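J.: Chain by chain, the residues:
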Amino acid sequence: MYCTQCGTRNDDGAPRCGNCGEPLPQPAGGPWPESIRNYLAEAIVVTLCCCVPFGIPAIVFAAQVGSKLAAGDVEGALVSSRRARTWCWVALVGGGLVCLFYVVLGLLGTLK
Amino acid sequence: VTSAVSPAAVAEGRSPAAMTEGRSPAAPWRAAALCSGLAVALAVVFLFNPATAAFYPPCPFRLLTGLLCPGCGATRAVHQLLHGRVGAALALNPLLPLYLAALGWVFLAQLRLALGRPPLAGPRLAAGWIWALLALVLAFWVVRNLH
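Those sequence lines, one after another, are chains A and B.
Be aware that the first sequence starts at 956, since it is given in my numbering, and climbs by one per residue.
Be aware that the second sequence starts at 42, since it is given in my numbering, and climbs by one per residue.
Possibly wrong hints are sitting among the right ones.
Unchecked claim - Part of the chain A face toward chain B, derived, beta carbon under 10 Å: (1) Q960; (2) A998; (3) A1039; (4) G1049; (5) V1058.
It is worth saying that the hints were derived from the structure and are not from the lab.
A quick note: this is a predicted structure, and the numbers were derived from the prediction, not measured.
From the three backbone atoms N, C-alpha and C, an ideal C-beta is built for every residue, glycine too.
If we strip away everything but chain A, and leave its shape as in the complex, we get (with noise of 0.2 Å):
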């Protein structure tokens, strides 16, 4: 959606213009819990490729975005949701660490 005011393209439903701050129209019956992502691609990603023990509770949480919407809790779709992002990057990162790690290693190998 366009900001009145400035022009400004927003996310359909953000409140107010991340441009000028101009309040927005807001789509009737709020913001729509189908657009409530559940990152369950990346969750196998980063299970599979990078590290299991933190991609399994990204997995979790993907699962229970689906559950909860579907129980009408939408509240609780969207914190689970944030988790599964959360847990997605906790395993990115924890994963690219032991890679850095390695290669530090190797480096340090090669050195002496």
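Using the hints provided, position chain B relative to the given structure of chain A.
T.: Using the frame of chain A, we list chain B on its own:
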């Protein structure tokens, strides 16, 4: 659709759309970087067999524990797949189709964001299917380390 968002969230000026990471303006360079990154990655995996080349990053889990993780062998499997050897690919990692589907989804979702389109909410599998998927991955993890 009825909204069950707390008045507190609304008062703070947050909307679920905003909290679920809203759309960003189109960034053509980002889309180009994504596509060329994928092309380079596929070319590298096609040209250099991860089974013999030394420069691929190791699996962190295998590095730390010496055990296989559910994703181990996937890069080698993609190499086999790119050379048309489906059987060899599945032998290296039978979960490869799941892995490729998830990777493909993440790629398309990122491409959409880069093009300024609204984010994909995710593959909306029913919770039961996601639990089954998790059970499959965990079972495979255990079984492949047994022998």
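J.: Under the criterion of a CB-CB separation shorter than 10 Å, is A/G1049 in contact with chain B as hinted?
T.: Since chain B brings a Cβ to about 7 Å from A/G1049, closer than 10 Å, the hint holds.
J.: Would you check whether A/A998 satisfies its interface hint, that is, whether its CB is within less than 10 Å of any CB in chain B?
T.: Hint holds; A/A998 Cβ to chain B Cβ min 8 Å, cut 10 Å.
J.: Could you check if A/A1039 really has its C-beta closer than 10 Å to a C-beta on chain B?
T.: holds (9 Å)
J.: Using Cβ atoms only, decide whether A/Q960 comes closer than 10 Å to chain B, and label the hint accordingly.
T.: Cβ of A/Q960 sits 16 Å from chain B, so the hint is violated.
J.: Verify the interface restraint on A/V1058: the C-beta must sit less than 10 Å from at least one C-beta of chain B.
T.: holds (8 Å)
Figure legend: structure checked against the earlier numbered hints; the only hint not met is number 1.
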